[in-house]
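Protein chains: 2
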Amino acid sequence: MSRRTRSRQEWEVRASTLAKKTTNPIRRIVENLQVEPNPDKELIALSIGDPTTFGNLNPPEQVLQAVRDSVELHTSRGYAPSKGHYEARAAVAKYSAHQGDISPDDVILASGCSHAIELVITVLAESGQNIIIPRPGFSIYQTLALGLGIIIKYYNLLPNKQWKVDLDDLESQIDDDTAAIVVINPSNPCGSVYDKEHLSEILDVASRNRVPIIADEIYEHFIFSGNKYTAISSISKDVPVLSCGGLTKRFLVPGWRMGWVIIHDRNDILGKEIRAGLMNLSMRIVGPSAIIQRALPAILEYTPQSFFDDVLFFIESQAKLAYDELRRAPGLRPIMPEGAMYMMIEIKISYFPEFSNECDFVERLVSEQSVFCLPGQCFDYPNYMRIVLTIPEDKMREACQRIIIFCKEHIVFSEKRKDIDKE
Amino acid sequence: MSRRTRSRQEWEVRASTLAKKTTNPIRRIVENLQVEPNPDKELIALSIGDPTTFGNLNPPEQVLQAVRDSVELHTSRGYAPSKGHYEARAAVAKYSAHQGDISPDDVILASGCSHAIELVITVLAESGQNIIIPRPGFSIYQTLALGLGIIIKYYNLLPNKQWKVDLDDLESQIDDDTAAIVVINPSNPCGSVYDKEHLSEILDVASRNRVPIIADEIYEHFIFSGNKYTAISSISKDVPVLSCGGLTKRFLVPGWRMGWVIIHDRNDILGKEIRAGLMNLSMRIVGPSAIIQRALPAILEYTPQSFFDDVLFFIESQAKLAYDELRRAPGLRPIMPEGAMYMMIEIKISYFPEFSNECDFVERLVSEQSVFCLPGQCFDYPNYMRIVLTIPEDKMREACQRIIIFCKEHIVFSEKRKDIDKE
Ligand SMILES: Cc1ncc(COP(=O)(O)O)c(C=O)c1O
Ligand SMILES: Cc1ncc(COP(=O)(O)O)c(C=O)c1O
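Chains as they are written, first to last, in the working numbering: chain C, 3 to 425; chain W, 3 to 425.
Chain C on its own, in the form it takes in the complex:
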């Protein structure tokens, strides 16, 4: 009785568009680099945004104890609701009170901030619509959007104005198909921190054009001394803000995969549809591990302020160290960050005629000095490189020395450059 309606004679199994277009630009660029370190020098990787890599930064005892306790609980083994256990969502709501008045129902737990971002992008944007992200900016937005047919547009940050948003450029990018503006504050890769005034200016643009904001705040509270942290959600009057956060960076546990979305919708613009949509989407993988969910209230309640202060003091010291050192590297211009855990460094590439772009520069820096920095291309920003500030001090010092030597060896000042140009 078998009605054969399949004409295929040969096996042919193709990957979907979603699978093919889900790519990680950083990985792609790094894989294409020649990064053979100099065998005589120990490799120093200034490229990895994992603060636990070097073993010098560890979560506090209270956080580990919370998880130990959770493992013993019977209730950390069963299914949690897809959006997360109530107690865990209530804990996030309380911990995030600086963002505004939040109820546990405004919180959806996610498997890391990446998953939180996936939830908010996929609820807001349809195939063919666009989201506008900062340039330079973290590449996860491309990874998550392109496969779904969501288009990425860019607005420029201004390197000479502490990476503030070029507001005219931002506004000019908005069109009828714009589903959201992404604001990463504090920023990866820039380490910039926006003050209240600047955040208000961004909100004005969003409000005028009726575009909701996705606030990527995985680095919230990562603020160096003298600056103050403001969550964009806390000052929005009308613009709906979907904030994405998590334990990843601040609690030094990226591998635990605990993130969250917080819905800010003071004027009830999102209505039931977006909330329901987020709940629906959270059912796809049934939320993050219940072990961490059950530990979350204690983690967020009992981690001492001194832990955060110590980590930040360390990162800020590293930023100052790297900045002071690298200012002395001819042909480089480090830009002092105000927060997060990265620093962007401009490479005045015309001073290095051997290298046609910053990828050449970082490749040779690895092969000669065994220091690996991420090329700006990873953030759609040529002529820069990004370093991480979480590595141990002696390694940072050593890395800076090697970068200085490298620059001195390769820089060509103008007269000589002219000669080269003539050749």
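Please keep in mind that the hints were generated in silico from the structure rather than gathered at the bench.
Heads up, some of the hints might be wrong.
Copies of the same chain look alike in the list, so a pair counts if it fits in one copy or across any two.
DSS-like, lysine-lysine: derived pairs with alpha carbons at most 27 Å apart [unchecked claim]:
| hint | residue 1 | residue 2 |
| --- | --- | --- |
| 1 | Lys-96 | Lys-239 |
| 2 | Lys-166 | Lys-155 |
| 3 | Lys-397 | Lys-163 |
| 4 | Lys-43 | Lys-350 |
| 5 | Lys-198 | Lys-322 |
| 6 | Lys-274 | Lys-22 |
| 7 | Lys-350 | Lys-274 |
| 8 | Lys-22 | Lys-166 |
| 9 | Lys-22 | Lys-155 |
| 10 | Lys-96 | Lys-22 |
All figures in this text were calculated on a predicted structure; none of them were measured in a lab.
Please arrange chain W with the ligands on chain C, whose structure you already have, making use of the hints.
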């Protein structure tokens, strides 16, 4: 300079198609039921597929110890590769040797079996293509596929032939747009277990029509005495099989969210594209929690066989108990399962003229007897209900008694039925 190209005057933020079409049929049906239990009787929920709900089934000490040890490891805190730590993937490969010769590179870790299924569906199927799933069958396939525009088709299982696949029906469903056939073995909700011969017949259909198989084996090894478990991947000669598994059911830890995809591709049909696609997709949320990943080798290696045997002995006893009891319930026909942790019960609805379908039946069963069973509709299978077999023995016994009473109270035998029909 602001070129305003946005015409929107009012706020209007709509949820995407993906968000709107991601729904959980079980939840939707259950939410629409009137399930107010009888206040005089304690509710017995025979509906929840979480074996930890009643506290009578717990993971073994070795599994908990593996996680305790993992929490202390520095390396359980940092990012793991998206597809999972090598050691964890190697452990899954070894644990799954009954499926065939597996290398760690054939394994991708996922955040629960749901996420594993999401990975395999989204790599194989494009919007507009279809996947063919069993009826009755678990509803996660609808949840994951429909939002992406992937179409669900059904093949029938045969309740009178131990829920074997209607092979002609299966073959007749295949068309040029079929991206995969889903085989759930052992089955939720049927508790059926397919032997080698029947799995070969399914493979023959797939092979003839050049369709890869998604093997949902979250209940692998859940086999009652007298039956033998065969993984479909282990006997496939040419058909590529993507097997989805995890810790969830067998280790009694659904909340931990640890699952995996295993790629079986003996004839190199999938080629690089599907592998690369799965890797790409795994980058979206950067894999499951590293705490469980680091515990995985010990979990899979040290859990004693006696633990699995004890759990299975208990479930099988419950199956026998429920079967023997419910055979005595007039108007019901329980179908003895051969594995997994569920039993399907046919409701001869014409014997219950008060109820127009099985949803009415289960609603009244709750309101009168405080026993809640899932209506067959949840599995696209009217006139049946599903019970779980993991609840404590005394509760199971009590629930069966109440169901028998309920049936006796509501059944109408033929003469009387005729009268009613006349009225
Ligand atoms: C700006 C930004 N957003 C999101 C993420 C993702 O965080 P998670 O590891 O919690 O998924 C990162 C990680 O580096 C990040 O830098
Ligand atoms: C047949 C089947 N597949 C997959 C799943 C999902 O498993 P997990 O909880 O690991 O996501 C379930 C859960 O009940 C199931 O019954």
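For this session: Compare the structure with the hints numbered earlier in the document and write down the numbers of the violated ones, lowest to highest.
Result: Hints 3, 7, 8 and 10 are the ones this structure does not satisfy, whereas the remaining hints hold.
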